[in-house]
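Colleague: Sequence:
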Amino acid sequence: MAGLEPIIQIDMKKKKGSKLQLMAKELVYNKWLYIMFLPVFIWYFIFAYWPMHGLLMAFQKYNVVKGISGSSWVGFKYFQQFLDDPHFFRLIKNTLLLNIYSLIFGFPVPIILALCFNEIRNLLFKKIAQTISYLPYFISTVVVCGMALTFLSPSTGIVNILLNKFGIESIFFFQDPDYFRTIYVLLGIWQGAGFSAIIYIAALSGISPDLYEAAKIDGAGRWSQLRYITFPSLVPTIIIMLLLNLGTILTADFGKILLLYNPTIYDTADVLNTYVYRKGLIDNNYSYATAVGLFQAVIGFILVYGANYLSKKANQTSLW
3 MAGLEPIIQI DMKKKKGSKL QLMAKELVYN KWLYIMFLPV FIWYFIFAYW PMHGLLMAFQ
63 KYNVVKGISG SSWVGFKYFQ QFLDDPHFFR LIKNTLLLNI YSLIFGFPVP IILALCFNEI
123 RNLLFKKIAQ TISYLPYFIS TVVVCGMALT FLSPSTGIVN ILLNKFGIES IFFFQDPDYF
183 RTIYVLLGIW QGAGFSAIIY IAALSGISPD LYEAAKIDGA GRWSQLRYIT FPSLVPTIII
243 MLLLNLGTIL TADFGKILLL YNPTIYDTAD VLNTYVYRKG LIDNNYSYAT AVGLFQAVIG
303 FILVYGANYL SKKANQTSLW
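Using our numbering, you'd call the opening residue of the sequence shown number 3 and step up by one each time.
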């Protein structure tokens with residue numbers, strides 16, 4: 003057995019050398035592609051990966067003058083402080099509910115839109131309908147929130163004017179916590195459903211026309227084709243998108259909430275992101291805000307990993 007060891011080592015060295023040679027050949031052969039990718043890599047390194055070292059602040063009593071290298075270490079003090087925070091359950095509940103409602107009511111809409119577009123046979127009407135559905139995505143969140151505030155104004159908003167016409171008193175939509183979740187979910191669906199449908203439309207375009215031809219020969223109608231060919235072909239894409247959405251279950255649309263909420267509706271509108279903003283940039287408690295943000299990211303990672311594992315076990319569809 004001792005005589006076999008040198009032979010195995012030599013083989014492994016050869017294999018390692020061949021991998022390096024293959025990588026070198028790949029870099030030389032596709033050098034222009036890698037040069038084109040370089041700005042993207044630099045952007046991600048500077049703005050996405052390099053700032054990650056700032057997560058160390060969550061374990062320090064951060065001092066702006068001393069910086070990360072000179073600040074004292076406090077361990078998990080700020081994580082414990084967040085768990086004992088009187089707002090902890092309100093923040094978790096609000097963040098989860100906003101995302102769960104968005105998932106329940108918003109996630110199916112792009113799928114339904116894509117299926118509807120796929121059934122339209124008039125190409126001109128199809129292109130016009132798709133373009134109209136994409137447009138809200140390109141409107142700035144600031145403009146969208148401004149429109150919502152204007153339309154729902156208790157004095158001059160068109161919604162309250164119509165309600166008054168029917169003898170209903172004006173509703174203060176942005177001073178009553180009961181309305182915020184509905185407004186948030188509806189705005190999200192209106193703004194993002196059309197653009198999200200592009201992914202499903204692309205998946206539908208990859209279905210072989212031969213399947214539909216074979217189904218027609220067998221006497222299948224439009225509903226049967228939708229049920230047995232179109233929808234099953236979308237299932238892997240739906241699972242992937244669902245997994246990606248689960249990863250952001252503790253991440254609400256910070257910009258939209260910040261522009262719409264106020265202290266009178268904190269009971270339903272205050273979420274983890276806005277709490278991090280208030281603690282970090284308004285109260286200057288950087289360590290505590292970083293700890294809350296890291297807690298949020300870790301929970302999101304666990305959810306994605308768990309959902310990916312279950313999906314892989316159930317139907318062999320997964321992100322990795």
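Since the hints were made in silico from the structure, they are not lab data.
Watch out, some of these pointers could steer you wrong.
In the DSBU-like style, the derived pairs of lysine-lysine whose C-alpha atoms are separated by at most 35 Å in a straight line are [claimed, not checked]:
id, residue 1, residue 2
1, LYS63, LYS95
2, LYS63, LYS314
3, LYS33, LYS21
4, LYS79, LYS95
5, LYS129, LYS218
6, LYS314, LYS21
7, LYS95, LYS315
Colleague: Evaluate each hint against the coordinates.
Modeller: Hint-by-hint comparison with the structure:
1. LYS63 with LYS95: 28 Å, holds
2. LYS63 with LYS314: Roughly 41 Å between the alpha carbons, so the hint for LYS63 and LYS314 is violated.
3. LYS33 with LYS21: Holds, at about 18 Å.
4. LYS79 with LYS95: Within the cut-off at roughly 23 Å; holds.
5. LYS129 with LYS218: 26 Å, holds
6. LYS314 with LYS21: 29 Å, holds
7. LYS95 with LYS315: 30 Å, holds
Checked against the numbered hints above, the structure breaks only hint 2 and satisfies the rest.
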